[in-house]
Amino acid sequence: MTKKEISLTINGTEHELEVEPRKLLVHAIREDLDLTGTHIGCDTGNCGACTVYMDGQAVKSCLTFAVQADGSEITTVEGMEDHPDAGMGESDLHPIQEGFREMHGLQCGYCTPGMIMSARALLEENPDPTEEEIRESISGNLCRCTGYQNIVKAIQYAADVMNGREPPESPVEHGEAAEPEAASDGGTPMCEADDCCMDVDTDFEPPGGDHK
Amino acid sequence: MKAANFEHHEPETIEEAVSLLESLDEPTILAGGQSLIPMLRFRLARPDTVIDLNGLTELEYIREDDGHLKIGALARHVDVEESAIIDRNYGSFADAAPLIADPQIRNQGTVAGSIAQSDPKGDWGTVLLAHDGEVVAQGPDGERTIPAKDFFLLPYDNMLGEDELITEIRVPESGSNEGSAYHKLKRKVGDYAMAGSAARVRLDGGVIEDADVALTAVDITNIAVDEAAEELEGERPSADLFREAGKIAAEQSNPESDEHGSAAYKRNMVRVLTQRALADATERATQDGPAADFGTDQLTPEGMAAEGD
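Protein chains in written order, with the working numbering: chain A, 1 to 212; chain B, 1 to 309.
Please note that the accuracy of each hint is not assured.
[What the hints assert, rightly or not] List of simulated lysine to any residue pairs, SDA-like, C-alpha gap at most 25 angstroms:
| hint | chain 1 | residue 1 | chain 2 | residue 2 |
| --- | --- | --- | --- | --- |
| 1 | A | Lys4 | B | Lys188 |
| 2 | B | Lys2 | A | Gly147 |
| 3 | B | Lys188 | A | Lys3 |
[As the list claims (entries may be wrong)] Simulated restraints on C-beta separations:
| hint | chain 1 | residue 1 | chain 2 | residue 2 | range |
| --- | --- | --- | --- | --- | --- |
| 4 | A | Asp55 | B | Arg63 | 17 to 27 angstroms |
| 5 | B | Asp48 | A | Gly147 | 40 to 50 angstroms |
| 6 | A | Gly71 | B | Arg236 | 35 to 45 angstroms |
[Unchecked claim] One-sided excerpt, in silico: chain A residues whose CB lies under 7 angstroms from chain B:
| hint | residue |
| --- | --- |
| 7 | Gly45 |
| 8 | Val59 |
| 9 | Leu63 |
| 10 | Ser137 |
Worth flagging that the hints you see were computed from the coordinates, not collected in a lab.
Treat the numbers as computed from the prediction; the structure is a model and nothing was measured.
Ideal Cβ positions, reconstructed from N, Cα and C, are used throughout, including at glycine.
All chains, full assembly: derive it from the sequences and hints.
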């Protein structure tokens with residue numbers, strides 16, 4: 001089968017590659033270009049770990065052939081530190097990266113590169129999103145560790161920095177993670193009822209008096 | 001490598017694409033690739049040649065002309081989501097787009113590709129049926145239009161010939177006295193529908209002059225429920241009428257039990273979703289303004305919870 005010559009601009013550097021048409025973009029990025037920050041999770045388009053930022057959009061690089069990306073401009077997680085917005089916060093990192101570090105937006109970190117690229121696509125288009133919009137933007141990215149709460153907070157942190165607001169203090173470095181509110185994971189109640197889901201009565205005793 | 005090897009062709013014109021379809025041995029067409037690439041990866045599909053349409057930028061459009069809303073074969077789900085034309089008057093399209101898969105997949109996947117895939121769990125076929133739409137196909141003998149009601153044959157099978165490709169999806173232009181809506185039930189964000197219902201009504205002097213109801217994932221293809229449309233036409237919209245139409249849609253559906261729910265549960269959901277879609281469609285038909293301003297918000301738990309049944 002004929003190989004094809006393609007050109008990919010990744011993180012500002014142009015690469016000429018010769019690929020079989022069946023090669024997925026994620027394999028070209030990881031194996032041919034050795035940029036292993038982009039992860040392969042499910043390999044079937046469900047998990048979003050392979051998300052890259054291609055020509056202004058978040059795409060799953062396991063659902064794209066490398067030949068389809070010919071001539072495109074791609075950012076991977078490795079390129080975030082060179083983004084013009086990098087260094088706006090307290091470190092040299094991009095505010096999204098800093099947000100993940102400061103707000104404990106990861107545990108194992110496997111989903112993080114994909115989450116960061118989805119968050120970038122969101123913030124490029126919508127610099128000051130609501131929590132709902134953040135959740136929608138990462139709905140194609142699975143995280144099996146964090147329950148998403150701190151990922152949402154990490155992206156909110158980035159939006160704060162990028163909009164010139166003071167971001168919240170890191171619960172990790174300031175020991176606030178042990179506070180009851182943070183420990184109960186701060187989930188949004190599904191309903192408004194007082195006696196429902198999130199509002200747990202710690203003094204609850206089973207009815208029927210003394211059970212001995 | 002996950003996929004078996006194939007020759008990759010990138011035609012620059014529709015004519016070139018059609019002549020490749022004719023001359024190559026059992027080629028497969030690649031548009032958005034969001035269903036095809038996993039199929040190639042699992043080797044459920046093993047074509048020797050792939051005809052990649054992504055260079056045919058002339059097919060990237062959504063426009064109203066000649067009394068039709070026309071969606072070019074390379075319009076992506078996200079283009080529908082962001083289209084001002086769609087938002088103004090095509091409520092069921094506006095409802096369906098953000099409920100498909102996830103943002104990354106919507107950036108790549110195409111409406112026409114989804115129709116060509118003809119997955120009974122796909123959403124666009126249902127929307128197309130509810131709008132009494134057509135599929136425009138190009139083949140060696142030129143162009144032909146296939147009514148949506150004739151298009152879907154079996155799961156993943158349709159009326160397209162082997163040497164034909166879809167160039168456009170079109171529906172009759174929607175007037176200001178017309179409204180449509182799509183309601184989809186899924187287990188979680190990004191899933192295919194467990195059941196879905198699209199409804200469209202056109203009002204004339206407070207009476208439903210024309211209506212269509214179509215369903216997702218509850219038969220071997222997306223289906224139109226003509227019996228429900230007949231029940232609605234000539235009547236004044238009311239909760240009782242919609243309940244009756246919902247009941248008919250449920251009776252006409254043929255869901256199968258699976259890990260997501262029993263057939264009886266799904267049939268009941270068809271009833272509920274159809275009522276809701278009819279209520280939203282009617283509200284949109286009677287109000288001026290973008291579709292998004294009226295109808296149910298299906299994107300947030302709060303929006304769904306706020307709506308009673």
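Status of each hint after checking the structure:
| no. | hint | verdict |
| --- | --- | --- |
| 1 | A:Lys4 x B:Lys188 | violated (39 angstroms) |
| 2 | B:Lys2 x A:Gly147 | violated (31 angstroms) |
| 3 | B:Lys188 x A:Lys3 | violated (40 angstroms) |
| 4 | A:Asp55 x B:Arg63: 17 to 27 angstroms | holds (23 angstroms) |
| 5 | B:Asp48 x A:Gly147: 40 to 50 angstroms | holds (46 angstroms) |
| 6 | A:Gly71 x B:Arg236: 35 to 45 angstroms | violated (57 angstroms) |
| 7 | Gly45 | holds (6 angstroms) |
| 8 | Val59 | holds (5 angstroms) |
| 9 | Leu63 | holds (5 angstroms) |
| 10 | Ser137 | holds (6 angstroms) |
In the structure shown, a violation is registered for the earlier hints numbered 1, 2, 3, 6, in ascending order.
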